[in-house]
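Chain A is fixed; fit chain C onto it per the hints.
Note that the protein sequences, when read in sequence, are chains A and C. The numbers in the first sequence follow our numbering, run straight up by one, and end at 159. The numbers in the second sequence follow our numbering, run straight up by one, and end at 794.
Calculated from the structure, these hints are not laboratory results. In this text the structure is predicted, and so the values were computed from the model without any measurement. Check each hint, because a few of them may be wrong.
DSS-like mimics (lysine-lysine), calculated; alpha carbons at most 27 Å apart, straight line [unchecked claim]: (1) 130/C - 470/C; (2) 741/C - 46/A; (3) 470/C - 511/C; (4) 46/A - 691/C; (5) 741/C - 96/A; (6) 540/C - 134/C.
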Amino acid sequence: MTDQTELSQVTDTKIVKMIVFAIGVQEYCIPILSVREIRGFEKTTTLPFAPPYVCGAINLRGIILTVIDLAIYLNVPPQADNPRRVVVIVESKNGIVCGLLVDRVIDMADIDLNDVQAVSEESSCLGGLVLVDERMIGILRLETVVGQLVGDTVSE
Amino acid sequence: MDDILQIFFQECDEQLQELEGGLSALSDGVSEHETVNAVFRAVHSIKGGAASFGLDNLVRFAHVFENALDGLRSERFAPTHDVVKIFLKAMDVLSDLVNEARGGAAVDPARVAESHAELADIGATGSQASTAPTAAGEDAIPADFSPVPMDFEPVPFDFDFGEEEEATPVASPLVVTFRPHDALYQRGDDARNILIGLADIAHACGGEIQTLCDRTTLPPLADLGVDTSYLSWRVVLPAEVAEESAQAVFDWVSDDCDFSIAREAPQVDPSMTDPSVADPSPEPDDARARPIEAPEAVSPVPAEDEHAAEPPRTTPIPAPLDLHAGAQSTTVRKPEQASIRVDLHRIDDLMDLVGELVIAQAAIESLSRRTDPAGQQELLQSIGSMQSLTRDIQDAVMAVRAQPVRAVFQRMQRVVREACSMTGKEIALTLEGEDTEVDRTLIEKLTDPLTHMLRNAVDHGIESTKARIAAGKPAEGRIVLSAEHRSGRILITIKDDGAGINRQRVFETAVKRGIVPADAALSDDEINNLIFMPGFSTASTVSDLSGRGVGMDVVRQAIQSLGGRITISSTPGRGTTFGFSLPLTLAILDGMLIAAGGSTMVIPIASVIETMIASRGDIYALPNGRNVISIRGDCMPLIPLATALKLPGAPSHNHPAAPPRDALDASVILVVENESGARAALIVDEIRDQTQVVIKSIESNYRQIFGVSAATILGDGSVSLILDVSALVASAIGQIDGKPSNIRAELAA
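Excised from the complex, chain A in its bound form (with noise of 0.2 Å):
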């Protein structure tokens, strides 16, 4: 099913540490388990016939993936000029691997998984809210974007 109730099965305590990162004002995160690396934006290689929010294709270490803007993913203005903009690595379950590129990564965080509340339905990207610090903080679910990344196919 989804990161979290997988992830607090193997840990017992439902905690869970996540990389908490901006995408325009929201912040949002994802398990870090299952981000392999955190590396500086880079020119991406345009890719035809892409949905909007993949920026391109970049090459790591000899393997080639794909990077997706979720700024544009999630509909927030993106911000081009940003210095600190980076793409976090990631690895998906069934392990496809690509990039996110996030507008700054800020902090890790435990996340109990019962303080998760819920937003909206299963398929979407977003997996619930939860409250850090009395900030609001967005659970990405990450197989539904790879998902997406893998089948949505843009017509001729």
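What follows is chain C alone, placed relative to chain A:
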């Protein structure tokens, strides 16, 4: 233990291949002693290995097989056509049994029993003398091959065949008695050597010897003559040992020794076998200790290591006799152990090159510190030599990865054999150029298409025996499967001497199936290509083997996904030839670097026919807004690449797909061709370079993109897309002419 079992299965694959090769040679009339021995050895090794793992079914069958082959080896009967056929069938069963033991599909017991009986018959007819024992011993495995307990160290495969004795089942043990003369000792020989010899024979048959020393003639110590021989021995050998082999032990001492060799009833005088009477002298003790050392002597230990490094067989699972094999067996196939066997000298070559590379790197490093012009010049030279070194290393690595197509080709013998037995046709498959080497990834992917093509050739290509005789052809059909290198590609041809493609019928069927309109004017070649259309089948009756109309298009897809193309030529009444032309490797490609719409892209150089500057006069605008260009009288669609791929950097014009004619004047165009020869002209911004690129998958982390086959990484680390020329050309042609685009695309692709 599992590891060792894996090695055993790899070993089996190799032995089966050997068996296949040997039996093919036999059926071609090559009945050299060495061939027969190799075949025998293969079955024997499988049996031996299987016994040590307790694989009863396998052992039982291999044993009967071996017995039958033994008749051939000892020339009790000749390898006639029928005999070889039975052996081939048995081999298929054996390979299925191996697969079953490996965890594959269970083998139909009836098939095993049938082949079992046939083999037993051969064994029996071959040796009238031993008919009864063979029949009796057919199911009872001799004691020496009963499964060994698993805590045992597995007995390594017995390669030392020369010492193996004929396993004619004989009921009673062989008793050898001998008494050395004084002369034997005077010559420096020793009774011990004879005992060791006998122990070796016994051990080769898996048994032990019982030795008894007769001391009755030994005088009291005081009267003992120092150089007189007093002792004699009685040695009981296992029943499997042949008399001749025991005789051979005495070949060199027959003049200096009294000896007798005889079969004796198993009931031996109890006093003689009583261990307490065992001879106290050191020699026989030595001899008894011998069997313990023997396994080391018989089985070269390095052999095991060698097998560990053995290449995995591409398809351990024999392709099921299923029409959809091409589409399905990929899902059935288990993951292969990733190891290959490589000629040592190829590794050495690679090592030499790497050594040179290290030196060249050091040279560049030291030259880069020099600032004078001469130093710069030398630096450039060094970099140049480094480039050629890199190329050499690449070639060397490719050579390491290259494997002969033999493994796949030999498997096809079985495919044809089985297809023949289903259709009742007599067909001989001839293999040519099995030593041709291709990249191993390619080899693995060739099996399914070839299987399908050969089944098809048997089912549709070759006529029935009656029709062949009526047409004045030899009753036995011929299919030739050959491989050769041709201009940087590998060409595989499947040639049959059947009736050829009936174009009239193909066309009618295609019309009936709605694949082409009835008034379409197609060339012979286009009609031939119709058989690759999805949903096409000319067979009026759907046979078990092929003829459901799926398959040929699957074959074409498979070949095209390997970057290959298929050609057909067919002469009515004379036969059909299919040719697969494939790149030697799937890893590296010669490409042309071009720029379009702000992106740098790679076009496979093999599909670029020419590059030129367009002149306005050659361009014709079509009413639908597209353009065609005439190049020396040849009309072809003109595609602005950036627009075709909807790249953001594409120049914006009034019509998105076709810039006005004037704007195209003096633009750079590439004439490209797809596999079947359809051409199109691509407009690009610039041609940058010609280079070799490493092919990287883009789909593994993304999805398929129209017009893009893969990606690569350029020298600056950036990603560049490799264009799929077939798709681009097909879609361009589809947009140009009025024919339904899917049909045109299919024909073109």
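Outcome of the hint check:
{"no.": "1", "hint": "130/C - 470/C", "in the structure": "holds, 14 Å"}
{"no.": "2", "hint": "741/C - 46/A", "in the structure": "holds, 19 Å"}
{"no.": "3", "hint": "470/C - 511/C", "in the structure": "holds, 10 Å"}
{"no.": "4", "hint": "46/A - 691/C", "in the structure": "holds, 19 Å"}
{"no.": "5", "hint": "741/C - 96/A", "in the structure": "holds, 22 Å"}
{"no.": "6", "hint": "540/C - 134/C", "in the structure": "holds, 25 Å"}
When held up to the earlier numbered hints, the structure conflicts with none and fits them all.
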